[in-house]
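Q: For the sequence shown, UniProt numbering begins at 1 and goes up steadily by one.
Derived from the structure by calculation, the hints contain no laboratory data.
Some clues are possibly wrong.
Claimed, not checked - Straight-line Cα separation of at most 16 Å, EDC-like style, residue types lysine to aspartate or glutamate; simulated pairs:
#, residue 1, residue 2
1, 152, 139
2, 128, 175
3, 115, 48
4, 128, 163
5, 120, 110
6, 97, 139
7, 177, 119
Note that the structure is a prediction, hence the values are computed from the model and not measured.
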Amino acid sequence: MSTLRERLDKLEPREKRLLTILSVFMGALLLLALPLGLLRMVSSQRSENQEVRDLIASVYEADARLAERKSQKDALLARYAKPAPALAGYLEETAKKQGLSASESQERPDVPHGKRYTEKVTVVKMNKIGMLPLAKMLEQIETSGYPLSVSKLNLKPRAGEPDSYQVELGVSAFERKPDPSSAAAGTGAAQAGAGDSSEDGESEQ
């Protein structure tokens, strides 16, 4: 059985030359294929790493959005946790603090907003009102901490009297019904407390 060298020695010069060209070509192809393969591998790895980074970024963005929504919900619940007082009395008291007085007060019908919110509107009329005390009164209403808002404001200057206006002011108070789950939990706790009280009464008897 002849060796590979013996077979090569038996080849004609033309065949040897073709074989040499083929060997050089295969070597060059191998040298090119190796870095191309490595480059493709690196590119694929980079693509996977970028997908992981994008996924992590989307998770962080989702967490930030959830935190923001929770913060907004907590702020909303905190705002409605302090029920608004009776508007007529509150507005009269607020006006007195600024040296003002209401000549007339009228409560409008409640306005429902969806299933959870109710708007109560009270309109007061004031005569001979200066702009500065009125502005302070409006500021006190807006910063009261209650779920209140100024929903109507009409100013009519009084003829021949500087800084004197007839004012029609409408203020809205918003009430939020408790969550059904919270209401049910409160009812259950109340019933449980009533049951405990009745049992204590029976045991005392």
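Q: Are the hints correct? Go through all of them and say.
A: Evaluation of the provided hints:
A threshold of 16 Å between alpha carbons decides the hint, and for residue 152 with residue 139 the separation of about 14 Å falls inside it, so the pair holds. Distance check on the hinted pair: residue 128 and residue 175 sit about 32 Å apart at the alpha-carbon level, beyond 16 Å; violated. With a CA separation close to 48 Å, the supplied pair residue 115 and residue 48 exceeds the 16 Å bound. Using a Cα cut-off of 16 Å, the hinted pair residue 128 and residue 163 holds, with the two alpha carbons roughly 8 Å apart.
Between residue 120 and residue 110 the alpha-carbon distance is near 5 Å, which keeps this suggested pair within the 16 Å criterion. For the hint pairing residue 97 with residue 139, the CA-to-CA distance comes to about 12 Å; that is within 16 Å, so the pair holds. Distance restraint check for residue 177 and residue 119: the Cα-Cα separation of roughly 12 Å lies within the 16 Å cut-off, and the hinted pair is therefore satisfied.
Hints 2 and 3 from the earlier list are contradicted by this structure; the remaining hints agree with it.
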